[in-house]
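Enquirer: Sequence:
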Amino acid sequence: MHLAIGDVVRDRSDLALGTVAGVASHPDGPLIALQVSGGGLRLSQPYDLDLVARSSAPPTTSRRVLALLSVVLGVFVACLAAMSAQALGATWLLTAFAALGGHTAVIGAFRSAVRLNGQRRFHV
0 MHLAIGDVVR DRSDLALGTV AGVASHPDGP LIALQVSGGG LRLSQPYDLD
50 LVARSSAPPT TSRRVLALLS VVLGVFVACL AAMSAQALGA TWLLTAFAAL
100 GGHTAVIGAF RSAVRLNGQR RFHV
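In numbering that gives the first Met the number 0, the protein residues as written are 0 to 123.
Quick caveat, the hints were computed from the structure, so don't treat them as lab data. You may find that some hints are simply not true.
Unchecked claim - Here are the in silico distance ranges between beta carbons for each label pair: (1) V74 <-> G21: 42 to 52 Å; (2) L14 <-> A104: 43 to 53 Å; (3) L40 <-> A95: 48 to 58 Å.
In this text, a Cβ means the ideal position worked out from N, Cα and C, and glycines have one as well.
With these hints in hand, go ahead and build the complete structure from the sequences.
Expert: Printed below as a string of structure tokens:
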């Protein structure tokens, strides 16, 4: 199971909800530190946990600007690809697919960069 700090999990032993606060080393294996209501901490085995919700941080201003720029660049590349295909004598269907492919390439590169720079998850 891959967890990140802030993920909400449920302990199967007593169905207590908590957020992941970290990982603790133990001779029997890693233990997950959970912050439960009231501010208390408890340690649980990884196989005793059910993932309830993933944590997500709101996008920063720079990430929003990059998303907007990638959409604008995607539209530009789509127009460029469509005009190039049209100039080569392509049908309307091939022109549409060229435009879609150009836009998808730019947006796919942006999504890959966001995924690579996203929140780190650790395997337990």
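Enquirer: Could you run down the list of hints and mark each one as holding or not?
Expert: How the hints compare with the structure:
1. Judged by the Cβ atoms, the range 42 to 52 Å given for V74 and G21 holds: they are separated by roughly 43 Å.
2. Evaluation of the 43 to 53 Å hint for L14 and A104 yields a pass: the beta carbon distance comes to about 46 Å.
3. The given range of 48 to 58 Å is respected by L40 and A95, whose C-beta atoms sit roughly 56 Å from each other.
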